[in-house]
Each structure stands twice: as C-alpha cells, then as structure tokens.
Amino acid sequence: MDPFDAAGAVLHYRFEAQATACAFIGSVLAVAGGDGAVRLCAVDGSSKKISLHDGAILSMASNAKGDALYTAGDDGNLKRLGADGAISDIHTGRKWVDCVSCSQRGHVAWSCGKTIYLAKEGEEPVEITAPSSVSALAFSPDGKWLGAAVYGGALLISPNKPETTKFLEWKGSHVAIGFSTDGRFCVTAMLENSLHIWKIATPEKHGNMGGYPAKPVSFDWMADGRSMLTAGADVLVTWPFTGSDGPIGQNAAVFEGGVGIVRSVRARPSSRQVLIGYAAGGVALFDRKDDSYGYIAEADGSPVIDVRFSPDGRMAGFIRENGTAGLLDMGKP
Amino acid sequence: MTISNEKTPITVLTGYLGAGKTTLLNRILTENHGKKYAVIVNEFGEIGIDNDLVVDADEEIFEMNNGCICCTVRGDLIRILAGLMKRTRDFDGILVETTGLADPGPVAQTFFVDEDIAAKTKLDAIITVVDAKHLFLEIDRAPEAQEQIAFADIVVLNKIDTVSDDDLRTVEARIRRINPTCRIERAERCNVPIDHLLGQNAFALDRILDDDADFLQKDFDDHDGHDHEHCDHDHGKCDHDHADHDHGHLDASRHDDHVSSFSFMTRDKIDPEKFFPWIQMIGQEFGIDMLRMKGILDIKDDNRRYVAQAVHMMLEGDFQREWREGEDRYSRIVFIGRNLPRDIIEDGFMKTRVTA
Ligand SMILES: [Zn+2]
Ligand SMILES: [Zn+2]
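Just so you know, the protein sequences line up as chains X and A, in that order. Each residue of the first sequence is one higher than the one before, counting from 1 in the numbering used here. Each residue of the second sequence is one higher than the one before, counting from 1001 in the numbering used here.
These are computed hints drawn from the structure, not numbers from a lab. These numbers come from a predicted model, not from an experiment. Glycine included, C-beta positions come from ideal geometry on N, C-alpha and C. One thing to keep in mind: the hints can contain errors.
Think about it this way: if two alpha-carbon atoms lie no more than 20 Å apart in a straight line, the pair counts; the simulated EDC-like pairs of lysine to aspartate or glutamate are [as the list claims (entries may be wrong)]:
id	chain 1	residue 1	chain 2	residue 2
1	X	K114	A	E1043
2	X	K114	X	E127
3	A	K1122	A	D1318
4	X	K114	A	E1059
5	A	K1007	X	E127
6	X	K95	A	D1058
7	X	K171	A	E1063
8	X	K171	A	E1060
9	A	K1300	A	E1322
10	A	K1269	A	D1289
11	X	K199	X	D142
12	X	K95	A	D1328
13	A	K1036	X	D75
14	X	K95	A	D1050
15	X	K171	A	E1059
16	A	K1120	X	E192
17	X	K114	A	D1328
18	X	K114	X	D142
19	X	K95	A	D1052
20	A	K1036	X	D54
21	A	K1120	X	D300
22	X	K95	A	E1043
23	X	K114	A	E1060
24	A	K1120	X	E16
25	A	K1269	A	D1328
26	X	K95	A	D1318
27	X	K114	A	D1056
28	X	K114	A	E1285
To spell it out: a stretch of chain X is covered by chain A in this simulated footprint if at least three of its residues, at any positions, have a beta carbon under 8 Å from a beta carbon of chain A; those stretches are [claimed, not checked]:
id	stretch
29	129 to 138
30	163 to 173
31	220 to 234
Take the sequences, apply the hints, and build the full model.
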C-alpha cells in the first residue's frame, strides 16, 4: 500500500506504562508493559488491559499455533495467556524470568539467570544450566536448535534431545540471538556493537560483523532468506546470505535514507518489504523492490524497541519504550 | 503518567564482610527520607535486607575488547539494571551491594561501556565501608581492601570507637595515601548522615576534583609529615631534573603499598595535541594498573576547564564550565593505581605543556 495512505491508517495507542515487548496473536497486537500487564490492541482501535504480573514483563512470545502468549515477569513467573482469555501459571520461582521464546514446532523455552527451561507446550520442562546468565533465547526456524546468547558465545540445545548441546564460541558478551531462515547459521549481537555469525555445521567457520555505531540488537532475514537486515546504524545495513558461507568474507550493503539510528527491523512475510523502527521514535516501511522509504509514524523521541508483522504479513505493529504503540492493516502481502 | 527522562542514580557499596556494609544499607533503606530504593544484593550478603524491591545478583565478570583483563564489566548488573529500567519507576535510586572481595572496577566500567545503561542510569558514587581497627591491622596484607579504597568516592571509616585517636589518624593518612580524592566519613555504627552518601554525582564530569580548591589549601600546606618535601615553586617553571629527586608532587606512593597515588600540577597551559594522544597512550599502556584517573586541565586557547576521568583503560572527558574571572587557573591530574611508574607519567604529563 502507498505509505502516505498507510501513515493515515495507523492506529495509535498510548499506555500508562513502558512497553517492553510485543507479539501478534492472529491480527491482535499484544503489548507487554513495565507494569506487568498485557494490552491487546485490535484492528477496530480498541485495547484491552490484562494484568498478569506483579512487576515488569521482561519478555513475551506468541506460540506457533497463534493461540497463546507467554509472558516472563520479574515477579519470577512465566504465564500463559490463551487467545480465549484463559490465564495459567507455567512457572513460579524466586528469580526473574528473563527470557521466553516459542518454536515453530510447539516448544517453549524460558530462562532464569543461568537456568534454561525447555518444554513441549503443556508438558513439564527439562532444565539446562548455561555457563552464564542467558541474555536472549531463540529457536531456529527449522526447529533443530534452541539458541541461548550467553557470555563467551552461543549455547545451542536440541529441543528434542536436550542432552545434545553445542557451544559456539566467541569471546565477549552476547546479548541477542537468531538463526538464518534455512537454519544453517546462528547470529548473535554483542555488547561491543557488533554481530557474530557461525556456520552451525562447521563452527570453525565464523565471522564478526563490526563497525556499528550502536548495538545491533535487532536483526531479521528477508522473507526469501537471501539477506539479513540489521539495526545499529543510521542506515539500513544488510548482509548477504546467498553464498555457501553466508556473509562470512562478504561485504554489507547499506541503504541510506532513514531517520537516524535503526533500533528495530523486521521483514514482512511473503514480501520484499521491511519495517524499520528508529531510536528517535520514527517508523518506516522500506521496500526492496525500489529501495524506497515511506514513513508510517513520526519520531516522538522514544526508541521504537520492536516492530512486528502478524504471521500472515497483513498486520504491522510497533512499540516504543515510552508506552506508545501502533497497528496498521496493510492488506494481503 | 510521565516517563521520566531523568537518569536513575546508582550507589555502589563495597567493603569487607563485617565492615558494616549491610548495616549501612539497612540504614539507608529504613531512614525516613521519603525516597524508595531498589537494592541489588550479592548472594553472600550478611543479613536480610528489609525492602520491597531486592534483586539477587551473582557477580558475573565479563571481559570486553576481545578478552582484555582490565576491560571488564558486570554482566549480571547490565541484565538487572536493564530489567529494573523496564519497571514502572517505583523507586528513586538503586543501591548495589558487592561481595566483600569484589573489585569495584567492573561495576564502574559497566556505566562507561553499556550505552543503554548509561542512557538511563548514572553512577552516583562508590562508597567503601571499612572497619577502622581491621584496616589498621590488616591493610598491608589486603590488596582487595586497598583497591576498594582506591575506587571509592566516599570511604566510610566505621567503628572508630574501636581504635585510639592516634591509630585513627594513621588509618586516615593511609587511606589518603591510597586515594587523595575520596572523602572520609568517620562513623561508629555507620551513623553517617544519609545526605552525605546519596546524591553525590561523583562521576559527573562537572564534579570531578570539585573540592580541588579545598585540596590545594589543605594538602599543599598542611602536610601530614611523611618523608618528602614540597617544593614551593610552580612546576611549570621548574628547571631541575625531576627524575632524580623526590620532591613533593603530593606524591603519596610508598614502596610497601600495593595501591598508591600521585598527582601533578602545573600553571602552564596544556597543549591538546600533545595531551590527548599521551593520555590515550597511558590508558593503553598502564590501564590494567591504573584504577582511577581524574584531571582538570587548562587547555590552551580555551576558556573552559577540560575535565577527564578514567577507570582502567576507559577514558572520558569534556569541556566543562568556564574558568572564572580571577580564578587560579591550573591543570591537575591525579592517578591512583598499582605500582604505576610515577617518573614516566610525570615526565609525559609535563611534556604536554605548551612550550613557548
Ligand atoms: Zn583493558
Ligand atoms: Zn620540581
């Protein structure tokens, strides 16, 4: 759709708590808050507040089936909020639940400090102890690995055989983790404003992608899997995933024309479009078809900490740290 | 609701087990000052903390810069502070208690390194609690205690009722030799007024060496009598060889000290083209042993005071307020570290002066 029409069609929300995470269930944008509540923002402009935690929600994920959200709280609880409104306690403990992630194949994983819990949805979890506190969790799209960003590298755990692990080593503190669409590469963001990549089958093949002015904590792959989009610079930086070694030994491409440092990026499913959230609060839709930018939300000074698409690619959503959010129906991709 | 852009102040409490750190923590929390604090405690804490918001930390030391042993941060602190910053801000500040033997370096460096932490929080002060008697007896055998004093903005000299006045003066002189820029607060049962501890802004550049005028008076004139003399000339005009005599540049180093300090001053202008590469080089070369550095510089062709500080290799600096009309303009730089080569550093610093 035309970005000018799009900007006018964005539904804006303003909540009375910081936004900490967001996820879609169906076409509903769920926004997690620093006050422990989730707000469900619907396409009719309504929003519904559901209080879940006594404290902040630190992380949130929606499951593959699209019928539940998992919320991780600093009250030591992991909760499941069903699309039907049912709330259940999945984990109760003393330590903060720092991270939560869901796989495409019905797994859910969460972490409390160094302890990782991994379960099939609805089943009892197994516990895995990481070498240091876990900063981020993510499953590979092919479901082969659960990845944990830790100090000194990435810990990979096989969801079906949790005793099978692999440690991808690189000195320093790793703060975000993701996998290429084909599941062959693992990527982490580091405290030192860089990304690190390993070829999982042959981890001695690895590389560092540096030179970012800010931490590239957000990254994603284009729908066709042929390039990785990264935040952390005042241009959109992409890395090629076309050769057998991915971006290792390759150069990045940059797309100028944004509005300041990119804070969050997401590729639209079945499309060549990219949603970009900026550190200064603006939100842009970038189209690889003609490399054009269209702005769908203006900068308001607060960082856009996440941008998301609904699984069908129809709905776009974003949240800013200050508790504002936006939802846009873009039509079929 | 307003989401404040004001940075949340962080106060770090260090000190040996038994020195009174937890007593001080509980006093801060229970005293009626109308402020609420989140508390990050270490897992080996002495006794319970009575507070709504207590977070347990396991001191995780992370090396940065591809494994440099001095460029370390507290990984757990990054995670916990980031988490606390997500909450609806139901507290005014954060207190961080470290374990007895903890090195405060990584804690301080966390605020230099992590831009997200630095955007939302500020290190207010490092407070080191020491037991007067224990310090008097043990300091020579306790490098960790010396380092905790070296990093301190405020040393709470606790349990002064357990030592004689003479011993107390000896201990204070010893603390001064390690760290000439800290403030010493004498206490019996940690009974220091809270407003002497919180809201210090000790790491704000515009507060660096703020008590300097005071310092000049007190320490140049009223010298505590150890075995070197002050020369009464301005070093800028000093024409003798500095390497082979021991005149007093507020030199507090002694060979038996693990951690010591020295400072240099000059009324000559500093040449920025010489100073900045030099201080970078010092950071690279001696960063591992340089615990803290603080400096105020009178840079040539600039009417503002340049203020710099460092924790190990991590340097920061900026121009601050203008020199006042009639103000005594000088440059002064203080180094606190482990066996730093004073002669080399002095020689290097003096060479950054503008040569006519
Ligand atoms: Zn270093
Ligand atoms: Zn001299």
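Consistency of the hints with the structure:
Taking the CA atoms of K114(X) and E1043(A), the gap is near 14 Å; set against the 20 Å cutoff, the hint holds. At most 20 Å may separate the alpha-carbon atoms for a hinted pair to count; K114(X) and E127(X) meet this at roughly 10 Å. For the hint pairing K1122(A) with D1318(A), the CA-to-CA distance comes to about 17 Å; that is within 20 Å, so the pair holds. About 12 Å separates the Cα atoms of K114(X) and E1059(A), which keeps this hinted pair within 20 Å; it holds.
Taken as a hint, the K1007(A) and E127(X) pair is broken in the structure, with Cα atoms around 37 Å apart against an allowance of 20 Å. This hinted pair checks out: K95(X) and D1058(A) have alpha carbons roughly 12 Å apart, not beyond 20 Å. Between K171(X) and E1063(A) the alpha-carbon distance is near 8 Å, which keeps this suggested pair within the 20 Å criterion. About 14 Å separates the Cα atoms of K171(X) and E1060(A), which keeps this hinted pair within 20 Å; it holds.
Simply put, K1300(A) and E1322(A) have alpha-carbon atoms about 13 Å apart, close enough for the 20 Å limit, and the pair holds. Between K1269(A) and D1289(A), the direct Cα distance comes to roughly 28 Å. Violation of the 20 Å bound is thereby established for this hinted pair. As the CA atoms of K199(X) and D142(X) are separated by approximately 15 Å, the hinted pair is consistent with the 20 Å bound. For a cut-off of 20 Å, the pair hint linking K95(X) to D1328(A) is broken: about 54 Å separates their Cα positions.
Of the pairs offered as hints, the one joining K1036(A) and D75(X) holds, with about 18 Å between alpha carbons and a cut-off of 20 Å not exceeded. Using a Cα cut-off of 20 Å, the hinted pair K95(X) and D1050(A) holds, with the two alpha carbons roughly 18 Å apart. The straight-line distance between the Cα atoms of K171(X) and E1059(A) is roughly 18 Å, inside the 20 Å bound, and the hint therefore holds. With a C-alpha separation of about 18 Å, the suggested pairing of K1120(A) with E192(X) holds against the 20 Å cut-off.
Between K114(X) and D1328(A) the CA atoms are separated by roughly 55 Å; this puts the pair beyond 20 Å, and the hint is violated. Proximity of K114(X) to D142(X) is assessed by CA-CA distance (about 25 Å); at most 20 Å being required, the pair is judged violated. A C-alpha spacing of about 15 Å is found between K95(X) and D1052(A), which places the hinted pair at or below 20 Å, so the restraint holds. Under the criterion of a C-alpha separation no larger than 20 Å, the hint pairing K1036(A) with D54(X) is consistent with the structure, at around 17 Å.
Between K1120(A) and D300(X) the CA atoms are separated by roughly 17 Å; this keeps the pair inside 20 Å, and the hint holds. About 12 Å separates the Cα atoms of K95(X) and E1043(A), which keeps this hinted pair within 20 Å; it holds. Between K114(X) and E1060(A) the CA atoms are separated by roughly 11 Å; this keeps the pair inside 20 Å, and the hint holds. Restraint check: the Cα-Cα separation between K1120(A) and E16(X) comes to about 19 Å, which is no more than 20 Å; the hinted pair holds.
In summary, the hint linking K1269(A) to D1328(A) is supported, as the alpha carbons are separated by about 12 Å, within the 20 Å threshold. Taking the CA atoms of K95(X) and D1318(A), the gap is near 40 Å; set against the 20 Å cutoff, the hint is violated. This hinted pair checks out: K114(X) and D1056(A) have alpha carbons roughly 13 Å apart, not beyond 20 Å. Of the supplied pair hints, the one linking K114(X) and E1285(A) is violated, its CA atoms being roughly 35 Å apart against a limit of 20 Å.
For the stretch 129 to 138 of chain X, the stated coverage by chain A holds: 3 residues have a C-beta nearer than 8 Å to a C-beta of that chain, and at least 3 were required. For the stretch 163 to 173 of chain X, the stated coverage by chain A holds: 3 residues have a C-beta nearer than 8 Å to a C-beta of that chain, and at least 3 were required. Under a criterion of three residues with beta carbons nearer than 8 Å to beta carbons of chain A, the stated coverage of the stretch 220 to 234 of chain X fails, only 0 such residues being counted.
The structure does not agree with the numbered hints 5, 10, 12, 17, 18, 26, 28 and 31 stated previously, though it agrees with the rest.
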